[in-house]
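Protein chains in written order, with the numbering used here: chain A, 1 to 295; chain B, 1 to 295; chain C, 1 to 295; chain D, 1 to 295.
Everything labelled a hint here was simulated from the structure, so no lab data went into it.
A virtual CB, placed ideally from N, CA and C, is assigned to each residue, including glycine.
Among the hints, erroneous ones may be present.
Unchecked claim - Below, computed lysine-lysine pairings styled on DSBU-like, alpha-carbon distance capped at 30 Å:
| # | chain 1 | residue 1 | chain 2 | residue 2 |
| --- | --- | --- | --- | --- |
| 1 | B | 239 | D | 102 |
| 2 | C | 193 | D | 239 |
| 3 | C | 102 | D | 193 |
| 4 | A | 155 | A | 85 |
| 5 | A | 193 | B | 155 |
| 6 | B | 239 | C | 193 |
| 7 | C | 239 | A | 239 |
| 8 | A | 102 | B | 193 |
| 9 | C | 2 | C | 85 |
| 10 | B | 239 | A | 193 |
| 11 | D | 193 | C | 155 |
As the list claims (entries may be wrong) - Some chain D residues close to chain B (C-beta under 10 Å, calculated; not the full set):
| # | residue |
| --- | --- |
| 12 | 242 |
| 13 | 248 |
| 14 | 249 |
| 15 | 256 |
| 16 | 259 |
| 17 | 263 |
| 18 | 264 |
| 19 | 265 |
| 20 | 267 |
| 21 | 269 |
| 22 | 274 |
Number of protein chains: 4
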Amino acid sequence: MKVGIIGLGRMGSAIARRLIKAGHDVTVYNRTRSRAEPLAAEGAVIADRPAGASAGEATITMLADDDAVEAVVLGDNGVLQGLPKDAVHISMSTITVALCEKLAAAHRVGGQRYLAAPVFGRPDAAAAGKLFIVAGGEADVIAGCQPLFDAVGQKTFVIGDTPPWANLVKLGGNFLIASMIESLGEAVALMRKSGVDPHRFIDIMTGSLFAAPVYRTYGELIVEERFQPPGFAMPLGLKDIRSVLAAAESQRVPMPAASLVRDHFISGIARGGEGLDWSALSRVAALDAGLGHEH
Amino acid sequence: MKVGIIGLGRMGSAIARRLIKAGHDVTVYNRTRSRAEPLAAEGAVIADRPAGASAGEATITMLADDDAVEAVVLGDNGVLQGLPKDAVHISMSTITVALCEKLAAAHRVGGQRYLAAPVFGRPDAAAAGKLFIVAGGEADVIAGCQPLFDAVGQKTFVIGDTPPWANLVKLGGNFLIASMIESLGEAVALMRKSGVDPHRFIDIMTGSLFAAPVYRTYGELIVEERFQPPGFAMPLGLKDIRSVLAAAESQRVPMPAASLVRDHFISGIARGGEGLDWSALSRVAALDAGLGHEH
Amino acid sequence: MKVGIIGLGRMGSAIARRLIKAGHDVTVYNRTRSRAEPLAAEGAVIADRPAGASAGEATITMLADDDAVEAVVLGDNGVLQGLPKDAVHISMSTITVALCEKLAAAHRVGGQRYLAAPVFGRPDAAAAGKLFIVAGGEADVIAGCQPLFDAVGQKTFVIGDTPPWANLVKLGGNFLIASMIESLGEAVALMRKSGVDPHRFIDIMTGSLFAAPVYRTYGELIVEERFQPPGFAMPLGLKDIRSVLAAAESQRVPMPAASLVRDHFISGIARGGEGLDWSALSRVAALDAGLGHEH
Amino acid sequence: MKVGIIGLGRMGSAIARRLIKAGHDVTVYNRTRSRAEPLAAEGAVIADRPAGASAGEATITMLADDDAVEAVVLGDNGVLQGLPKDAVHISMSTITVALCEKLAAAHRVGGQRYLAAPVFGRPDAAAAGKLFIVAGGEADVIAGCQPLFDAVGQKTFVIGDTPPWANLVKLGGNFLIASMIESLGEAVALMRKSGVDPHRFIDIMTGSLFAAPVYRTYGELIVEERFQPPGFAMPLGLKDIRSVLAAAESQRVPMPAASLVRDHFISGIARGGEGLDWSALSRVAALDAGLGHEH
Numbered sequence: 001m002k003v004g005i006i007g008l009g010r011m012g013s014a015i016a017r018r019l020i021k022a023g024h025d026v027t028v029y030n031r032t033r034s035r036a037e038p039l040a041a042e043g044a045v046i047a048d049r050p051a052g053a054s055a056g057e058a059t060i061t062m063l064a065d066d067d068a069v070e071a072v073v074l075g076d077n078g079v080l081q082g083l084p085k086d087a088v089h090i091s092m093s094t095i096t097v098a099l100c101e102k103l104a105a106a107h108r109v110g111g112q113r114y115l116a117a118p119v120f121g122r123p124d125a126a127a128a129g130k131l132f133i134v135a136g137g138e139a140d141v142i143a144g145c146q147p148l149f150d151a152v153g154q155k156t157f158v159i160g161d162t163p164p165w166a167n168l169v170k171l172g173g174n175f176l177i178a179s180m181i182e183s184l185g186e187a188v189a190l191m192r193k194s195g196v197d198p199h200r201f202i203d204i205m206t207g208s209l210f211a212a213p214v215y216r217t218y219g220e221l222i223v224e225e226r227f228q229p230p231g232f233a234m235p236l237g238l239k240d241i242r243s244v245l246a247a248a249e250s251q252r253v254p255m256p257a258a259s260l261v262r263d264h265f266i267s268g269i270a271r272g273g274e275g276l277d278w279s280a281l282s283r284v285a286a287l288d289a290g291l292g293h294e295h
Numbered sequence: 001m002k003v004g005i006i007g008l009g010r011m012g013s014a015i016a017r018r019l020i021k022a023g024h025d026v027t028v029y030n031r032t033r034s035r036a037e038p039l040a041a042e043g044a045v046i047a048d049r050p051a052g053a054s055a056g057e058a059t060i061t062m063l064a065d066d067d068a069v070e071a072v073v074l075g076d077n078g079v080l081q082g083l084p085k086d087a088v089h090i091s092m093s094t095i096t097v098a099l100c101e102k103l104a105a106a107h108r109v110g111g112q113r114y115l116a117a118p119v120f121g122r123p124d125a126a127a128a129g130k131l132f133i134v135a136g137g138e139a140d141v142i143a144g145c146q147p148l149f150d151a152v153g154q155k156t157f158v159i160g161d162t163p164p165w166a167n168l169v170k171l172g173g174n175f176l177i178a179s180m181i182e183s184l185g186e187a188v189a190l191m192r193k194s195g196v197d198p199h200r201f202i203d204i205m206t207g208s209l210f211a212a213p214v215y216r217t218y219g220e221l222i223v224e225e226r227f228q229p230p231g232f233a234m235p236l237g238l239k240d241i242r243s244v245l246a247a248a249e250s251q252r253v254p255m256p257a258a259s260l261v262r263d264h265f266i267s268g269i270a271r272g273g274e275g276l277d278w279s280a281l282s283r284v285a286a287l288d289a290g291l292g293h294e295h
Numbered sequence: 001m002k003v004g005i006i007g008l009g010r011m012g013s014a015i016a017r018r019l020i021k022a023g024h025d026v027t028v029y030n031r032t033r034s035r036a037e038p039l040a041a042e043g044a045v046i047a048d049r050p051a052g053a054s055a056g057e058a059t060i061t062m063l064a065d066d067d068a069v070e071a072v073v074l075g076d077n078g079v080l081q082g083l084p085k086d087a088v089h090i091s092m093s094t095i096t097v098a099l100c101e102k103l104a105a106a107h108r109v110g111g112q113r114y115l116a117a118p119v120f121g122r123p124d125a126a127a128a129g130k131l132f133i134v135a136g137g138e139a140d141v142i143a144g145c146q147p148l149f150d151a152v153g154q155k156t157f158v159i160g161d162t163p164p165w166a167n168l169v170k171l172g173g174n175f176l177i178a179s180m181i182e183s184l185g186e187a188v189a190l191m192r193k194s195g196v197d198p199h200r201f202i203d204i205m206t207g208s209l210f211a212a213p214v215y216r217t218y219g220e221l222i223v224e225e226r227f228q229p230p231g232f233a234m235p236l237g238l239k240d241i242r243s244v245l246a247a248a249e250s251q252r253v254p255m256p257a258a259s260l261v262r263d264h265f266i267s268g269i270a271r272g273g274e275g276l277d278w279s280a281l282s283r284v285a286a287l288d289a290g291l292g293h294e295h
Numbered sequence: 001m002k003v004g005i006i007g008l009g010r011m012g013s014a015i016a017r018r019l020i021k022a023g024h025d026v027t028v029y030n031r032t033r034s035r036a037e038p039l040a041a042e043g044a045v046i047a048d049r050p051a052g053a054s055a056g057e058a059t060i061t062m063l064a065d066d067d068a069v070e071a072v073v074l075g076d077n078g079v080l081q082g083l084p085k086d087a088v089h090i091s092m093s094t095i096t097v098a099l100c101e102k103l104a105a106a107h108r109v110g111g112q113r114y115l116a117a118p119v120f121g122r123p124d125a126a127a128a129g130k131l132f133i134v135a136g137g138e139a140d141v142i143a144g145c146q147p148l149f150d151a152v153g154q155k156t157f158v159i160g161d162t163p164p165w166a167n168l169v170k171l172g173g174n175f176l177i178a179s180m181i182e183s184l185g186e187a188v189a190l191m192r193k194s195g196v197d198p199h200r201f202i203d204i205m206t207g208s209l210f211a212a213p214v215y216r217t218y219g220e221l222i223v224e225e226r227f228q229p230p231g232f233a234m235p236l237g238l239k240d241i242r243s244v245l246a247a248a249e250s251q252r253v254p255m256p257a258a259s260l261v262r263d264h265f266i267s268g269i270a271r272g273g274e275g276l277d278w279s280a281l282s283r284v285a286a287l288d289a290g291l292g293h294e295h
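Extracted from the complex, chain A is given alone in its bound form (with noise of 0.2 Å):
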């Protein structure tokens, strides 16, 4: 297919380069060209545009935030001025439900098609073409993007015909790990303090009850305070909580879980906490517990 990828951050680009290889006819575009140039090596046409990247039958965007993404795709010479009738974008950025319907909206004035296309999985994942994909918007649209899902994605969970839904999957999931991440920071706050081996705590709740990588990844950056580099920054986990309790809002559904997450997000960022991986919710409880000093 042909088809644009806007956003070259590390997930951006390891889906590029997965479409590259699976033979797709890919055009890039990012703000900063010079993170574009390596996919120019590979086969890529870079474009001086968002619009330029949007000629083709569908484009992806793959960017930080509510506003990058709007920048991107309502702005001058942006994907909704470049996209063709008929074409589709596909929105992979975890970004608001506010935002998704006003996209969707916006495309459906132009005449073109929307799909919500938020991921689960880390850039390894995107590279090795393990992501888990919701996808969200008309049944056929989704079943004409499927070759570019299976080049990137394990398995694509379609949602239904209503795009905002698969942000809301993808923004409940993320709540579901950052609370893991809490009570997992939590109880091995109590674990150290009482004398128990923390790593032993982890293996045996992973080696029974919670035989899940995604404990166990977490489950160990916790235990061994490997916050950095950062996977996923604090500020990103703080945007995500801010986007599932701004969405819980809307239905009137409090969600204390979420809040105290929150709390703990700012709290983490307050302490020195800006650049690290966001398991470092955990070093909140830590730090709550008199373990450990600021930074």
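Assemble chains B, C and D onto chain A, guided by the hints.
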């Protein structure tokens, strides 16, 4: 081995049955004698007092709470009086760290051995010999009891020579489950009020990030609101979280996620949930969002 | 002084009436013109546009939320367009710090003055000239507006030359009230379920430690469950707490008591409290304890 | 009256002194006898055992916690043994509802009278006869003790004939103070990081909405970070909140604001606050916002 089993609730009975089948010489005691009779038919001897079930090499206690364990061990004609020198008391109940320390001290004075060996798993896991056992105590004593553990469990985790550590790990594990239920409950309430099919949400979560049986089991209970009959009732969940918080307070570890779960157990019980499974913690999240009706 | 008043809800109307009585030359504007007519009978001139009420030395805005203030100030024929150079816009609404900064910047560009002057007090206090005013802005501008403040308030607190500080103090005060309501609600639920007469509890508290009218007023509303008609409705309470949390997040200050109050406002609204006074925050504490019935 | 006083900490000594001055016939007891000696110089008789200070018409106990009260009342040569039939034990300590019930039952069996009469006020208020007393017990017994209450308090609130109600009201009041400290601490942290003078913030609050001495007193302690010497130390604050939560759990009342305060007391103690005044609860809010340094 010649072994006694005190406490014949669903867990204790399943354990007794496994030990009989494995060829051990089993004596049982239960306050209400009628619960012991089916086991007599299968080959167990019934004792009239806890001390009478404590005359072998090992005595297992499996009871509901601290008060029950304390009465049976330290009371008249209790385990402490009945247990021979060098024989071992294996405490499998989920009790507080404080009581565990008290029992260990009492047996030390009595010249007896003491193991804390709480388990993860519901009664059906016990019946299938699929429990996970966390054992704390002297290594040779644990090794000597391994045939008993092998009869009921799929794996024994040795946590070290300090019995209360085993209780702490067990309590920590139950805290992780309870906070997972809380988070799932909040997320499911959000999905419901947003129009997302909650079954689909759980399918996606357990088919991607959280591929652990514990997420699938509780996810289904929550979405289907199947809270009866209780596998583990709310007041028992509350008791365990209270024990976690007591251990944490004594070590000066704040655990706000545990406090949140505690408040919600209390609220759930206050609102008609006394007899429901602890997964009904999610019902509090639903009610607080205006979903469903109080009992 | 020649002064305009925009926004004729219960607060704005009471303020307008006080200023007319004090002999000021008053022009009023309200989106729904009918609310302005009683004031015309008392001597006010009615304007057809916000700009029309902004031709004097000072223009007061007193509106429900950020959106209303932004529309009236920055919209077509708004205050920004109507206000003469060196005249002053006095923003008395409870708005966010972010909007306050935006308005201050816009007026600076327009060569106009800007004061933030939010107030404490309900409409009856405004009618009696008993408001407390928190004024932020240049000292000479505040001094020049003192005759207006004296007409409606019993005291003006000058917070300094930075307008958003006044909003922050106002939001901080509303947070203190809301968290007091939360605490009183929890304590009253405990007294009720324990058999202690809650009226007596409030009498003792306000007759000893908490001899402040705000405790007596809210204590009575809570104990008598007198939540209608709303003096200040729950959604407005939620809005203010959301503004506090937004300001705190931008400064990296976790405010868990504010998060708790936010969750309970959301829950209260979800459970039929949309039209109740914000003291009905206490109804959430009662319902969560199994007292009373959902609406 | 012939009256005994057991427990000569700062509160107990001040009470003894007031009673001596008022002309009562005072016998005192303290575990560490040296604390009793200054009172002997002022006219008190020193007893060697609690029972020795319990031979009069009334005996007051004023001790730090449940354990101390239980030992002195129910122990060998305790109040229960020494108190004549129909004489009254006035328990002024802040104890749990559970212990209050136990003491009331013990004295009933002993043919003695029992009043719960906890007080609000710091030692300087006791010295000035300005305490507030909350009295629970039989009306005629309270009336008979009124001369004693008048010597130390400015007002006696009779809560009814059920002694534990008095303890509950006292605990409820301490909960309201602690949650006020928490809220003030969070608001002050927000003001500080936003550049608003926190003294000014407290001045405005106590000069308008919150014109109660308790807000002024704690507001100043918080802003000036004057946490030493402790008027009422953090571990005592934690103890009282623990008692509130225990009473609330037994009545099935969730109190999330109390849980929050509990977590913060624990964190404050873990981070070097063991010896600080309970107003240092606000220090936790400051540290969590990245202000100041751990001890």
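### Message
Which constraints among the numbered hints does this structure fail? Numbers only, ascending.
### Response
none
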